[in-house]
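Given these sequences and hints, build the entire structure.
Chain order of the listed sequences is A and B. Going by this note's numbering, the letters in the first sequence line up with residues 216 to 718, in that order. Going by this note's numbering, the letters in the second sequence line up with residues 4 to 148, in that order.
In case anyone wonders, no lab produced these hints; they're calculated from the structure. Any given hint might turn out to be false.
To be verified - The list that follows gives simulated cross-link-like pairs (lysine-lysine, BS3-like), each with its CA atoms no further than 30 Å apart:
#, chain 1, residue 1, chain 2, residue 2
1, A, Lys381, A, Lys595
2, A, Lys504, A, Lys320
3, B, Lys59, A, Lys381
4, B, Lys118, A, Lys595
5, A, Lys467, A, Lys645
6, B, Lys132, A, Lys645
7, A, Lys645, B, Lys59
8, A, Lys461, A, Lys504
What the hints assert, rightly or not - Computed from the model, here is a short list of chain B residues facing chain A with C-beta under 10 Å:
#, residue
9, Phe20
10, Ser23
11, Pro67
12, Lys112
13, Pro143
The C-beta atom is built at its ideal place from N, Cα and C for all residues, glycine as well.
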Amino acid sequence: MDLFANLALGFSVALSPTTLSLAVIGCVLGTIIGALPGLGPANGVAILIPLSFSFDLDATQALVLMTSVYYGAMYGGRISSILLNIPGDEPAMMTTLDGYPMAKKGRAGDALVLSGVASFVGAFLATIGLMLLAPLLARVAFLFGPAEYFALYLLAFCTLGGLGSKNQSKAAIAVCLGLGIAMIGVDNSTGLTRFTGGSLHLFDGIDFLVAIVGLFAVSEVFIFIESHGKDSAIGIKLEKITIPVKDIVNSKWTMLRSSAIGFIAGLLPGAGASLGSFLAYMVEKSVSKDKDSFGTGNPRGVAAPEAGNNAAAGGALVPMLTLGVPGSGTTAVLLALLMTLNITPGPLLFTERPEVVWGLIASLLIANFVLLILNIPLVKVFSRLLQVPAAILLPGVTMISFVGIFSLSGSYFDLLLMIGFGVLGYALRKLSIPTVPVILGILLGSHMEVSLRRAMVLSDGDWTYLFATPISLGLWAAALIGFIAPIFLRSYLTIPKPIKEEK
Amino acid sequence: MSDRITGFVVAVLALAFFASASQLEQPFFADPLGPKAFPMVVAGVAMVAAILMIIKPDAEPNWPAFAVLGRIAIATLILVIYAYGLKPLGFLLPTALAAGAVSYQIDPKFSNAAKIGIGLSGGLFVIFKFGLGLSLFALPRWMMG
Numbered sequence: 216m217d218l219f220a221n222l223a224l225g226f227s228v229a230l231s232p233t234t235l236s237l238a239v240i241g242c243v244l245g246t247i248i249g250a251l252p253g254l255g256p257a258n259g260v261a262i263l264i265p266l267s268f269s270f271d272l273d274a275t276q277a278l279v280l281m282t283s284v285y286y287g288a289m290y291g292g293r294i295s296s297i298l299l300n301i302p303g304d305e306p307a308m309m310t311t312l313d314g315y316p317m318a319k320k321g322r323a324g325d326a327l328v329l330s331g332v333a334s335f336v337g338a339f340l341a342t343i344g345l346m347l348l349a350p351l352l353a354r355v356a357f358l359f360g361p362a363e364y365f366a367l368y369l370l371a372f373c374t375l376g377g378l379g380s381k382n383q384s385k386a387a388i389a390v391c392l393g394l395g396i397a398m399i400g401v402d403n404s405t406g407l408t409r410f411t412g413g414s415l416h417l418f419d420g421i422d423f424l425v426a427i428v429g430l431f432a433v434s435e436v437f438i439f440i441e442s443h444g445k446d447s448a449i450g451i452k453l454e455k456i457t458i459p460v461k462d463i464v465n466s467k468w469t470m471l472r473s474s475a476i477g478f479i480a481g482l483l484p485g486a487g488a489s490l491g492s493f494l495a496y497m498v499e500k501s502v503s504k505d506k507d508s509f510g511t512g513n514p515r516g517v518a519a520p521e522a523g524n525n526a527a528a529g530g531a532l533v534p535m536l537t538l539g540v541p542g543s544g545t546t547a548v549l550l551a552l553l554m555t556l557n558i559t560p561g562p563l564l565f566t567e568r569p570e571v572v573w574g575l576i577a578s579l580l581i582a583n584f585v586l587l588i589l590n591i592p593l594v595k596v597f598s599r600l601l602q603v604p605a606a607i608l609l610p611g612v613t614m615i616s617f618v619g620i621f622s623l624s625g626s627y628f629d630l631l632l633m634i635g636f637g638v639l640g641y642a643l644r645k646l647s648i649p650t651v652p653v654i655l656g657i658l659l660g661s662h663m664e665v666s667l668r669r670a671m672v673l674s675d676g677d678w679t680y681l682f683a684t685p686i687s688l689g690l691w692a693a694a695l696i697g698f699i700a701p702i703f704l705r706s707y708l709t710i711p712k713p714i715k716e717e718k
Numbered sequence: 004m005s006d007r008i009t010g011f012v013v014a015v016l017a018l019a020f021f022a023s024a025s026q027l028e029q030p031f032f033a034d035p036l037g038p039k040a041f042p043m044v045v046a047g048v049a050m051v052a053a054i055l056m057i058i059k060p061d062a063e064p065n066w067p068a069f070a071v072l073g074r075i076a077i078a079t080l081i082l083v084i085y086a087y088g089l090k091p092l093g094f095l096l097p098t099a100l101a102a103g104a105v106s107y108q109i110d111p112k113f114s115n116a117a118k119i120g121i122g123l124s125g126g127l128f129v130i131f132k133f134g135l136g137l138s139l140f141a142l143p144r145w146m147m148g
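Written as structure tokens, this is what we have:
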């Protein structure tokens, strides 16, 4: 069978000493990044990308390293959710709802182990799902012409904008901002320069890594200056860790259900892990017999969002690898990595570079077991990281960002641009304009324009060509629904309020 | 109010972007759509969204006090100076100063910030130079001979 031959190829790549050790390093780094409050998976991966180039890794190795970091961060995010009531990253938000109350009841260790197991189940099943589904989707993707790709990009922007923001017009502004930035520089098909204002620095366009590091990492520093590092370091002590076998067995169906929900949420282009953990939690709450115990430390309320967000993380890799459309902020950053490595994601990747895809999948299967070990017996070590004060962490992140970008281009102009994006990111976040669509716009802008123009070349300027096939019609309809439906569903999509901490 | 101002700024930017796009020449050998159309559509969508934001603004965001914005401005300025200083002055000195200064903006304790600056600068230099093999200069070029 094809699958086994491919997996054998994958494991032959993944089990080479270099790749294997990169996967382990990635898992450790990722767990650290996830655990540190204020350093989420997206900005963690973003600041590591420029540095990973200095290693001279080949494409597979770089991808394995960064994807392990991504998986690791998804595991690690729960640690500060449970112990500090501060989500280590956005998808870990739902874990605070029951994780922190459970920890306050003196069951912090149980909550960490249970959520670690749930993370493993979610991530493992999702990796299997990725393995089975991605080749099928890659085959479907061969049917996609430029008109379909244009509609697909539109769908990604619409769902991401529609779900990621409370205000549709703000989401639209974010997307347009990103697309506008992507237009800066030389237009590939005519050789004209556009929107450079005559500045030579802008001829090559704006490097998306500069924008990503600025918007994600540098803006975080400003947010912390504002909060004064106040929110950190009121933690719960971790006692001896035992394995809560009863809770794990009791929540086995919870984990399986949540993994399925999370995986499907991850598949939607533009939706991602936050939606996965949210839906998993809400479904679990609504099927449960004792709804009232959710939010007060119900173990199932800990297992559900963790299985959900890790499954979504795996699911989000499917559209990213097969179609080149990322499902979340972090997969957008991974797409940036692929593009910098000169790998074009899409159906051809599966036929022309099978060692990249299958090496990655095999590495992820291995990484999951490594992460299970790191996150259950060694969770105590990582929980110490929560004591790193913001006054050390954030300057460190800033300096790493600077050196990373500087080593990439050696130009002070890129550094200034990065600071500019940092300030922009801070302002956008204060105005609750989402930043992920901006990144996605910068990444996909030129692809989107190219597919539109190609479609017009093929049809000789006939607009109806964009809606000519059932696939593109379906994508247009989905895009419309994805953008408009959240307006009406908003009352159902609100995140339940966490229990306030008594002083 | 913030939303209205932002909407206005976005509208002006969109207009400028639109105007700039419409000035582009359409080369005679170009594809049917040419280099103008897509940017013009993007500007149009941004314009509509900006107007909607002006008509229907959200509740006022929670802006920090003036002093805090001042600290953010100082941090930005430090980073800009750092960006210019990194190449001519070598890694160690500007990094220690910038890291210490940013740390001070987060937690204003002078001696702590000084220690953090020196520690981060030295520690990161070792990691970058010897761990990752980046070509960094520790000191200003003229001192390295």
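Satisfaction of the Pro143 of chain B interface hint, Cβ to chain A closer than 10 Å:
With Cβ-Cβ at 16 Å, over 10 Å, it is violated.
Pair hint Lys461 of chain A and Lys504 of chain A, alpha-carbon separation not exceeding 30 Å
With a Cα-Cα distance of about 18 Å, the restraint between Lys461 of chain A and Lys504 of chain A holds, given a limit of 30 Å.
Straight-line alpha-carbon gap Lys381 of chain A to Lys595 of chain A, limit 30 Å:
37 Å, violated
Restraint: Lys112 of chain B near chain A, CB-CB cut 10 Å. Satisfied or not?
8 Å, holds
Holds or violated: Lys467 of chain A and Lys645 of chain A, Cα atoms, limit 30 Å.
Outside the cut-off at roughly 40 Å; violated.
Given Phe20 of chain B as an interface hint, is its Cβ closer than 10 Å to any Cβ of chain A?
6 Å, holds
For the pair supplied as a hint, Lys59 of chain B and Lys381 of chain A, is the alpha-carbon distance within the 30 Å limit?
13 Å, holds
Given the proposed pairing of Lys132 of chain B with Lys645 of chain A, does the C-alpha separation stay at or below 30 Å?
37 Å, violated
Hint Ser23 of chain B vs chain A: min CB-CB distance below 10 Å?
6 Å, holds
Holds or violated: Lys645 of chain A to Lys59 of chain B, with C-alpha atoms at most 30 Å apart:
18 Å, holds
Are the Cα atoms of Lys504 of chain A and Lys320 of chain A separated by 30 Å or less?
Holds. Lys504 of chain A to Lys320 of chain A sits at ~22 Å (cutoff 30 Å).
Could you check if Pro67 of chain B really has its C-beta closer than 10 Å to a C-beta on chain A?
Hint holds; Pro67 of chain B Cβ to chain A Cβ min 5 Å, cut 10 Å.
Of the numbered hints given earlier, the model fails hints 1, 5, 6 and 13; all others are met.
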